[in-house]
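Colleague: Each chain, written out:
Number of protein chains: 4
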Amino acid sequence: MKQIHMAERAASQPPDVQGEADPRRIPIDRVGVRGLRHPLQVEDRSGHRQATVAELTMTVSLAHDTKGAHMSRFVEMINELGEPLSVRSFRRLLEGMTERLEAPNGEIEIRFPYFRQKHAPVSGVASLMDYRAAFIGRRHDGHTDIWLQVAAPATSLCPCSKKISEYGAHNQRSEIMIEARIEDIIWLEELIEIAEGAASAEVYGVLKRTDEKYVTEQAYDNPKFVEDILRELAIALEADERIRAFRISCENFESIHNHSAFAELARDKDKDKDAALR
Amino acid sequence: MKQIHMAERAASQPPDVQGEADPRRIPIDRVGVRGLRHPLQVEDRSGHRQATVAELTMTVSLAHDTKGAHMSRFVEMINELGEPLSVRSFRRLLEGMTERLEAPNGEIEIRFPYFRQKHAPVSGVASLMDYRAAFIGRRHDGHTDIWLQVAAPATSLCPCSKKISEYGAHNQRSEIMIEARIEDIIWLEELIEIAEGAASAEVYGVLKRTDEKYVTEQAYDNPKFVEDILRELAIALEADERIRAFRISCENFESIHNHSAFAELARDKDKDKDAALR
Amino acid sequence: MKQIHMAERAASQPPDVQGEADPRRIPIDRVGVRGLRHPLQVEDRSGHRQATVAELTMTVSLAHDTKGAHMSRFVEMINELGEPLSVRSFRRLLEGMTERLEAPNGEIEIRFPYFRQKHAPVSGVASLMDYRAAFIGRRHDGHTDIWLQVAAPATSLCPCSKKISEYGAHNQRSEIMIEARIEDIIWLEELIEIAEGAASAEVYGVLKRTDEKYVTEQAYDNPKFVEDILRELAIALEADERIRAFRISCENFESIHNHSAFAELARDKDKDKDAALR
Amino acid sequence: MKQIHMAERAASQPPDVQGEADPRRIPIDRVGVRGLRHPLQVEDRSGHRQATVAELTMTVSLAHDTKGAHMSRFVEMINELGEPLSVRSFRRLLEGMTERLEAPNGEIEIRFPYFRQKHAPVSGVASLMDYRAAFIGRRHDGHTDIWLQVAAPATSLCPCSKKISEYGAHNQRSEIMIEARIEDIIWLEELIEIAEGAASAEVYGVLKRTDEKYVTEQAYDNPKFVEDILRELAIALEADERIRAFRISCENFESIHNHSAFAELARDKDKDKDAALR
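Residue numbers (numbering that gives the first Met the number 0), protein chains in the order written: chain W, 0 to 277; chain E, 0 to 277; chain D, 0 to 277; chain C, 0 to 277.
For the record, the hints were derived by calculation from the structure and aren't laboratory data. Bear in mind that the values here come from a model prediction, so they are computed numbers and not experimental data. Careful: at least some of the hints might be erroneous.
If several chains are the same, the list does not tell them apart, and a pair holds so long as it fits within one copy or across any two.
What the hints assert, rightly or not - BS3-like cross-link-like pairs, simulated, lysine-lysine; straight-line CA separation at most 25 Å: (1) Lys207 x Lys162; (2) Lys66 x Lys117; (3) Lys162 x Lys66; (4) Lys117 x Lys207; (5) Lys207 x Lys66; (6) Lys162 x Lys268; (7) Lys270 x Lys162; (8) Lys66 x Lys268; (9) Lys117 x Lys270; (10) Lys268 x Lys117; (11) Lys270 x Lys207; (12) Lys268 x Lys207.
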């Protein structure tokens, strides 16, 4: 009965060009869709679901003897997504994708703005802060790696400028990025707190004058180069056993130049066990 | 009583530098915040509330004798926003802003990705399509103008390429933009439908093979230059009495060049009554 | 002879679809090419020719009874450009374009990075600084307007933060934009100097430690809101008789927030003669 | 003698904060400058020097016991650059940087628009085409790797759409990227020709109608998925012994969707000798 239905379908259906054989003997690492935008809900630490808009890249590996991937299946999966994004549901999505595309390997990147309510340090006034966040999953030969990423804006104040100047010190907005391969559940909020804790001062949506005085003086009391910020991040991430590898960076949008100061560091606890101090 | 309260406040509060006098006699057209990101709900035509993430610019005019605007008030207003975005609530937000900042003139731009469920033309498969949308409001000397903007992706197929070639015709993704000053309620969906209706074919999130055949042939049957797309938009918008002015553009990301074909047209029905045919 | 040649050409040439008649009676304000990249030489104040890479938009108006513009002519004109860009050659290019496209109105925007050698304030070390610059020309009904635009990075230091804090003051990179309609020759360098002169301090490519001390203290001695920067720009541009109209803006990429402070002001000396103080 | 000079310098100079010791025992992989713009000349295959504007990232590794890198040295090196960019001069720049910053490891990325004159396929009309190009160098423990990168726009026409439709086929602009680790001199032009040769058709700055007919039919005769383009690139790069490793990708800006089709493949001939067919 099913066979008859399939035969009828075949008669009325256009041919499956992607499913044809390919003679060139070149397997492809990653093929899929990119720049796909979709509304999503993300589970946050407080148990709420935060509504956001994501941009997705979804790819699978392609065997050397198959002509093409079935691109519409990626988009269908996202349109069928019935649950909010969490580490658990992301893992299911990734593993489901490799099954549905019949591929041994697959990768998903979901990038989205993420918000957190913060309270101004003196007045306590509440406002939302926006962060760039991402879930990045890689499934390879039956093994799945999950990476979380956050990019947090913050204030950096230059230690050199402070030391050499009679008064004042140049400071600027920085972007602190943490990408962590996790073994257990970690909340985006935890990574954000680590990022913000490494800066000269945090940034906020709303600051009253008493708060502005506070963060100005706090930054001046707490000067940091990009290198300092990176080292404090590394120490914090090194100490967290749930994090098995990390890639961190800091970019200072220098207020005295038209270019950035930048630093980057990668560490894989499982691979680099002996390489912490080179 | 109020004066006493103010005096106490002044004692404990840092001085209000923005509120000082300015002697330079230069009024400023627009001062405020830009690049502010915030989650929002938008009322859609079906009566639902769509969750999205907006980027806002909020400005007011500043009198020649005042030193500065109180920037935190703009951000506070967005953090206090208790209702979904609609033409009505947007008007209230704009008028409330000029009151709160004590300014005769003010402008708000709220830009956000907007989604609409579409059904593939043959299979009927449902998927979401993303659009760029904006509410733009300008309050000037007691009068408020509200503009809605949508930018819709679509397919354009070149009439020249089709006519001169034995077979085939180059086609590409285009972006069709409509910005309309409205007098009554108009839904973003209505502008999107006008935009998509002017193209060679619509684009979709998911297309099955029967749908891909349909849109391929539809585009080939329906060749359009940027100029054609613009003229069909103009005719449709001209006919809608709720729209008092419009600015429309179309950009074709040419598949045979590394630059775009582009066309633009502005019309103010109230000002240009005699100027439709130059 | 020429007619025979033309007839032969017509026989062997594909039809001119763009040149066909259009019955819809909709004239188009602007049609042409966008996102066209091309290397250019720009004449600088010192008499040298600076090599840069430009991005161009070139459009003309289209009569209501013509189907389309001949897009390749825009690109041909840029490929044939034999002289460096200056106010004079830009005017010729714009007027030549409207002739070649047989259109009454036309517009050209040429945007490019522009460099200027600067000397650090104490050490005198030389380095290049980059600016965003543009030539914008509009020809309408036989009259040509030329606008020059520069966007200069600079340092702004917050007067409120300085006044309310025991020590330190938040500061950040700003972008100061001047767009000027000119009647005579004005060099981009002159606009850049006006822009940089209105900031708390200038930014440089290379600063030695003695210079860093200097600019840090200079910014602290010279606090400015976006409003202050705008007002000083307005005073300088108002005084220059070669400038007939201007649009200026300043955006501070706040170091204590994740959004910008922004101000904008437009002035047309010929139109607003009585409106300088509202 | 030198010591006395240093002592005098120290007396008049502000302290070297970057050169201080750091106790945290965290070495940093990469620290330096990012987003630095500078005009450059690039040697092209024809022996000419092409003027362009580059954006640079320059970083070095930092030992665990040093507080910070001397950022101004990176910028000084670029301001002192006296020769056009070529594979040879780039290698010298990279090795000079690690010496000047006294670091074992260092990386430089120089990204710039690159132009090539092309002749339209039938009329022979000449025009410039723009590409994104980059030199990427990594020096690690005394060994230097040089990568060249080009991203070329091209036309792709969908094999599935062609096969299933009665007439027409959707096509679009694509971007084909090749990044190659080279052992000998390879010209950017050679990589561009490989990239363009793998597409359904090349794109051009100027096409006359006879050319437009040609490329329209050529693309229709030559349908390619992203996967096909990638496989043809891989075959060509595999065969070139001067290329020791490559990373290639293709992104199709689909004309029937608002997202891209994307494929990517990496290969290291020295490492993957047995892994060509997985």
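Colleague: For each hint, tell me whether it holds in the structure or not.
Modeller: How the hints compare with the structure:
1. Lys207 x Lys162: between (29 Å within a copy, 14 Å between copies)
2. Lys66 x Lys117: Neither: 51 Å inside a chain and 29 Å across chains, both beyond 25 Å.
3. Lys162 x Lys66: between (63 Å within a copy, 14 Å between copies)
4. Lys117 x Lys207: For Lys117 and Lys207, the Cα distance is within 25 Å only inside one copy (13 Å; across copies 38 Å).
5. Lys207 x Lys66: So Lys207 and Lys66 pass the 25 Å test across copies only (18 Å; inside, 61 Å).
6. Lys162 x Lys268: The answer is neither: 36 Å in one copy and 48 Å across copies each exceed 25 Å.
7. Lys270 x Lys162: Close neither inside one copy (39 Å) nor across copies (49 Å); limit 25 Å.
8. Lys66 x Lys268: Close across copies (24 Å), not inside one copy (39 Å); limit 25 Å.
9. Lys117 x Lys270: Classified as neither: same-chain Cα gap 37 Å, cross-chain 47 Å, threshold 25 Å.
10. Lys268 x Lys117: neither (32 Å within a copy, 46 Å between copies)
11. Lys270 x Lys207: neither (47 Å within a copy, 41 Å between copies)
12. Lys268 x Lys207: Classified as neither; 43 Å inside a copy, 39 Å across copies.
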